[in-house]
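Colleague: Next come the chains, spelled out residue by residue.
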Amino acid sequence: MKFAMEPGMANSSKQLTGAEILIRCLHEENVEFVFGYPGGAVLHIYDAIFHQDKFKHILVRHEQAALHAADAYSRSTGKVGVALVTSGPGATNAVTGIATAYMDSVPMVIISGQVPTYAIGEDAFQECDTVGITRPCVKHNFLVKDVKDIAATMKKAFYVAASGRPGPVLVDIPKDITAHFCDFDYPETVHLRSYNPVTKGHLGQIKKALKLLTEAKRPMVYSGGGVVLGDASEHLFKLIQSLGLPITSTLMGLGCFPASDPKFLGMLGMHGTYEANMAMQDCDVLLAVGARFDDRVIGNTEHFLSNPRTIIHIDIDPSSISKRVKIDVPIVGDVKSVLADMNELIATEKPKQNTVELASWFKQIEAWRSKKCMNFAQSSELIKPQYVIQKLHEVTKGEAFVTSDVGQHQMWAAQYYKFEKPRRWINSGGLGTMGVGLPYAMGVQLAHPNAQVACVTGEGSIQMNIQELSTCAQYQLPIKVIMLNNRYLGMVRQWQEFFYENRYSESYMDSLPDFVKLAEAYGHVGMQITKPSDVEGALKEAFAMKSRFVFLDFITDQKENVFPMIQNGKGLSEMILAEDL
Amino acid sequence: MASTARHIISLLMENESGALSRVAGLFSARGYNIESLTVAPTEDPTLSRMTIVTSGSDEVIEQIIKQLNKLIDVVKVLDLNDGKFIERELMLVKVKATGTFREEMKRMCDIFRGRIIDVADGSFTIELTGSGTKLDAFIESLDKSAILETVRTGASGIGRGDRILKV
Ligand SMILES: Cc1ncc(C[n+]2csc(CCOP(=O)(O)OP(=O)(O)O)c2C)c(N)n1
Ligand SMILES: [Mg+2]
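Protein sequences, first through last, are from chains A and B.
Numbering that gives the first Met the number 0 applies: residue 0 is where the first sequence begins, and numbers increase by one.
Numbering that gives the first Met the number 0 applies: residue 0 is where the second sequence begins, and numbers increase by one.
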């Protein structure tokens, strides 16, 4: 095997360096964007990038942001996101982004440089055990030890990332491997004897599920991120319309069913609506679609199970079934395929429904809905954060892509921005990673250059990846940052108010920068809004600047809390409502 | 609390570096018990066979099996406790063999059908195979002060008759 000093310099007519092979693999996979940051171990790869223009490399300002941007590119398009980082600190900086994607099952391929094979294990400069460090937070990872393995490994990586329950896959490539020569031959197909994700659901189970649903007195559908990831929204819509069932969604599933449809009860869970949580608790047959009975969703498990109900669960991942709650009718399969089979059964068999019972169930639901749990006290002095989101929805006609950070602002965005379509709501649900908002918006805006992209954030979260203001300037991304500035780590403060007798330990944000000047320093537009009467105007003005990045600093009511709220350890029907206080 | 039971899980996985740590990491990350874990390549050198002895409620064991199946390197998983199976473990015990101990040790070894595989002036090394409980019983029956050293492999298991774990 020959060693090339310059990757461009092939030893025979057709052989390529490992770095060039890697780039060709990305071309074969039709990659549009690679989000990355260079360093010693990936210099050969960067040189090969220099020689190509099929995909665009986006230079971030911190590797964490590269991962988040690639993650959001994927969440908003359904395609595999790609990130490239160097060894050692490059890889460790990427870990938060990898774990974030893993928790929300986002398909990604991460390429990390590694020290040369002969130096592995010697505590070489910028060496770390990347495969070991990332093992618990990837779907799978590989260390490539031979240039001949690069193409097959990349093919496997893309396949594993996107199939079955999707997830991030990391490929660690030592530097010497990227300089070795080899013929390039991209495999057309991939077969892994140890990995055969199911697709079709069991027809017998599907029939059983349909029978239960049609005979139910108080049926309920609970949909999650799996519907979005599985591109099954249309099939879900059809099912709900033909059977006329009430439906709720998790934080991750928002948009998989149109929020304006009267059968939609809003989000459920810790900050879910009264009607969604009550219906979830009181239903007699529950259909869970691509959701996983998370602790933030069903509250206290014992309390949830204290009401008898029959549970049907459709999920691609067998380990999601009966993990936290025993399932009566499990259907393992691709959500889209299972829902399609169900819809076909309905079309052919035209099952009779329990219409009288269903009507009285909806009556009950309307009674719960009439509590109007999302009402909030408007103020003429202080900007209410909920009001900002309502206006954002109006001004963008409900058509924006909304990314968010983590905290109270995230919950308000989820509650008050009514999503009509899937892949429009981009947030970190599983890991709850502060700092995702701005890099998420970058990934989304690059994927959808003409779309309106809003990043709803807090003054705490935005500072966790504030350096990306520079990336946004470099690539002229016309993102609109909607910062709900309450001068508090608001979600922490809310818990301290409720559970620690107002002892606000380290949750006040002092010494905030002048965000307007900060935005301007990067060449962006900055606005500060302090009066409720200016909210709408500012939003309109910002979105009218179609080609500009605008940072809107909304000074909001400091003490506003997120309601309804289920306290830790409480059950779904034990919500605290705003009016209770 | 659901009752917990001891289970022996057999699995075939790709004989690749890192595969073992994926399994071990899964058990520690999800807080599952590992009583013992043995692994070695099979007659097909691309495959390793692992036997894991664990314990948990039915629900936990079900999750363990599903989580193991989810690992990309794992080819097949079998809970041996779902049917009839045989379990064997190898133990080497070095015991004091001086004076009266010398005869006593030989006698105990015979009773348990062990073999003395090394003889030195003051000690014997005994090899014993059997189920974990048999090995425990042997240790129990020895005078504690006579035990110099023990080493056990952990259990290996195989299904009876037609129960075959193969690719
Ligand atoms: C990286 C990270 N560190 C800590 C937390 C814990 N945490 C959750 S919400 C929150 C406060 C967020 O403050 P801010 O961004 O201002 O949003 P607000 O709740 O005020 O709307 C914190 C610290 C987290 N989710 N992520
Ligand atoms: Mg805040």
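Simulated from the structure, these hints should not be mistaken for lab results.
Note that the structure is predicted; figures quoted are calculated from it, not measured.
Cβ coordinates follow ideal geometry from the N, Cα and C atoms, glycine included.
A few of these clues could be false.
What the hints assert, rightly or not - Only some residues are given here: those of chain B computed to face chain A with a beta carbon under 10 Å:
1) Leu11
2) Glu13
3) Ser16
4) Arg21
5) Gly55
6) Glu58
7) Asn68
8) Leu70
9) Lys75
10) Leu77
11) Thr124
12) Gly160
Said to hold, decoys possible - List time: in silico EDC-like cross-link candidates among lysine to aspartate or glutamate, alpha-carbon distance up to 20 Å:
13) A:Lys144 x B:Glu61
14) A:Lys325 x B:Glu13
15) A:Lys322 x B:Asp78
16) B:Lys165 x B:Asp43
17) B:Lys65 x A:Asp316
18) A:Lys210 x A:Asp283
19) A:Lys417 x A:Asp283
20) A:Lys322 x B:Glu86
21) A:Lys154 x B:Asp43
To be verified - Just the calculated beta-carbon pair ranges, DEER-fashion:
22) B:Ser20 x A:Val355: 52 to 60 Å
23) B:Ala23 x A:Asn449: 46 to 54 Å
24) B:Gly158 x A:Tyr185: 52 to 60 Å
25) A:Lys530 x B:Ala23: 58 to 66 Å
26) A:Gly120 x B:Gly82: 42 to 50 Å
27) A:Lys370 x B:Ser16: 53 to 61 Å
28) A:Trp494 x B:Ser20: 35 to 43 Å
29) A:Asp184 x B:Asn80: 55 to 63 Å
30) B:Ala4 x A:Gly120: 36 to 44 Å
Colleague: Would you list, in rising numerical order, the hints stated earlier that this structure does not obey?
Modeller: Per hint list: 5, 10, 11, 12, 13, 14, 19, 20, 21, 24 and 29 violated.
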